[in-house]
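Trainee: One-letter residues, chain by chain:
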Amino acid sequence: MIRLPLVLLFSAALFSIGVYGVLARRNAVMVLMAIELMLNAVNVNLVGFSQLWRDLAGQVFALFVIAVAAAEVGIGLAIVLLIYRNRETIDLSEVSLLKW
Amino acid sequence: MTAQEYAFSVLALLGVVAAVRVVTARNVVHAALYLVATLASVGAAYLLLGAEFVGWVQILIYVGAIVILFLFGLMLTRAPIGREALDNPGRLVPALIALAVLAGLVGLLLGAFGWGDPRVELAHAPTGVVGESLFRRYVLPFEAVSFVLLAALIGAIVLSRKDEP
Numbered sequence: 001m002i003r004l005p006l007v008l009l010f011s012a013a014l015f016s017i018g019v020y021g022v023l024a025r026r027n028a029v030m031v032l033m034a035i036e037l038m039l040n041a042v043n044v045n046l047v048g049f050s051q052l053w054r055d056l057a058g059q060v061f062a063l064f065v066i067a068v069a070a071a072e073v074g075i076g077l078a079i080v081l082l083i084y085r086n087r088e089t090i091d092l093s094e095v096s097l098l099k100w
Numbered sequence: 001m002t003a004q005e006y007a008f009s010v011l012a013l014l015g016v017v018a019a020v021r022v023v024t025a026r027n028v029v030h031a032a033l034y035l036v037a038t039l040a041s042v043g044a045a046y047l048l049l050g051a052e053f054v055g056w057v058q059i060l061i062y063v064g065a066i067v068i069l070f071l072f073g074l075m076l077t078r079a080p081i082g083r084e085a086l087d088n089p090g091r092l093v094p095a096l097i098a099l100a101v102l103a104g105l106v107g108l109l110l111g112a113f114g115w116g117d118p119r120v121e122l123a124h125a126p127t128g129v130v131g132e133s134l135f136r137r138y139v140l141p142f143e144a145v146s147f148v149l150l151a152a153l154i155g156a157i158v159l160s161r162k163d164e165p
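Chains as they are written, first to last, in the working numbering: chain A, 1 to 100; chain B, 1 to 165.
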């Protein structure tokens with residue numbers, strides 16, 4: 001038996017570490033890794049509540065999130081690779097073409 | 001605290017420490033390896049909670065596939081190593097924002113549940129039951145997700161292919 005707040009605290013810590021990573025990192029691959037941390041935090045919540053309410057919908061949804069995360073990483077790394085090929089850098093502060 | 005709570009706390013501590021190292025490491029490959037530790041501890045937490053299928057999928061997909069993708073991305077982009085090249089100059093503001101998010105989430109969840117009120121029974125959710133639910137009730141979303149994955153992978157191949165002259 002596990003207290004639910006323990007699970008939720010773990011997930012909240014992972015999520016805020018991910019927020020820090022997204023904001024503080026400049027390397028595009030590092031930012032993608034921090035986004036993975038945030039997606040994992042969401043999955044921890046989904047699985048915890050699924051076990052609490054005895055409802056499998058949470059676990060099925062966590063599986064969908066994992067699949068979409070895999071798609072996101074594939075596309076994201078392809079875009080990063082394309083940026084590197086065109087600009088010789090993946091420093092996000094230099095990829096600011098669309099910034100007002 | 002029960003024995004399961006101690007085990008979960010140890011796993012969570014391990015995962016959080018490794019996650020902090022993911023976002024602070026100076027070497028990009030070390031960050032990827034710490035990401036393996038975080039993802040594995042999250043997977044072990046799923047197994048401890050009784051969600052065995054999600055736990056093994058986490059180990060297989062995240063540790064086995066996504067981290068390898070990250071390592072390939074790092075190798076193909078030759079990122080410079082060192083704090084100045086990896087991090088934004090001002091790290092205080094992101095740290096403050098992250099702490100504010102953490103404080104908000106903790107306040108919200110402790111306000112909603114209190115410490116120790118609902119307890120998760122560690123019921124075993126066998127793989128067969130999850131599979132039955134996935135392929136009976138959620139078969140349409142499942143097919144939609146598989147199409148999303150297919151489209152994303154084809155898109156990734158098209159994007160990263162070298163253009164023929």
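Do not take every clue at face value.
Claimed, not checked - The calculated lysine to any residue pairs, modelled on SDA-like cross-linking and capped at a C-alpha distance of 25 Å, are:
#  : chain 1 : residue 1 : chain 2 : residue 2
1  : A       : K99       : A       : I79
2  : A       : K99       : A       : L82
3  : B       : K162      : A       : V95
4  : A       : K99       : B       : I97
5  : A       : K99       : A       : T89
6  : B       : K162      : A       : F64
7  : B       : K162      : B       : A144
8  : B       : K162      : B       : I97
9  : B       : K162      : A       : I66
10 : A       : K99       : B       : L96
11 : B       : K162      : B       : L96
12 : A       : K99       : B       : L159
Calculated directly from the structure, the hints in this document are not laboratory data.
Trainee: Measure nothing beyond the straight line between the CA atoms of K99 of chain A and L159 of chain B; if it is 25 Å or shorter, mark the hint as holding.
Mentor: Roughly 22 Å separates the two Cα atoms, so the pair holds.
Trainee: Within 25 Å, alpha carbon to alpha carbon, are K162 of chain B and L96 of chain B?
Mentor: Not OK: K162 of chain B and L96 of chain B at ~42 Å, beyond 25 Å, violated.
Trainee: Given the proposed pairing of K99 of chain A with I97 of chain B, does the C-alpha separation stay at or below 25 Å?
Mentor: 21 Å, holds
Trainee: Between the alpha carbons of K99 of chain A and T89 of chain A, is the straight-line distance 25 Å or under?
Mentor: 17 Å, holds
Trainee: Are the Cα positions of K162 of chain B and V95 of chain A separated by 25 Å at most?
Mentor: 21 Å, holds
Trainee: Going straight from one Cα to the other, do K162 of chain B and I97 of chain B come out at no more than 25 Å?
Mentor: 40 Å, violated
Trainee: Can you confirm whether the C-alpha distance between K162 of chain B and A144 of chain B stays at or below 25 Å?
Mentor: Given pair K162 of chain B, A144 of chain B is violated - Cα atoms ~29 Å apart, limit 25 Å.
Trainee: Would the pair K99 of chain A and L82 of chain A pass a check requiring their Cα atoms to be no farther apart than 25 Å?
Mentor: Cα-Cα ~19 Å, so holds.
Trainee: Check the hint pairing K162 of chain B with I66 of chain A against an upper bound of 25 Å on the C-alpha distance.
Mentor: Measuring from Cα to Cα gives roughly 29 Å; hence the hint is violated.
Trainee: Does K99 of chain A pair with L96 of chain B here, judged by a C-alpha cut-off of 25 Å?
Mentor: Cα-Cα ~24 Å, so holds.
Trainee: Going straight from one Cα to the other, do K162 of chain B and F64 of chain A come out at no more than 25 Å?
Mentor: Answer violated: K162 of chain B to F64 of chain A is near 31 Å, above 25 Å.
Trainee: Going straight from one Cα to the other, do K99 of chain A and I79 of chain A come out at no more than 25 Å?
Mentor: 17 Å, holds
Checked against the numbered hints listed earlier, the structure breaks hints 6, 7, 8, 9 and 11; every other hint is satisfied.
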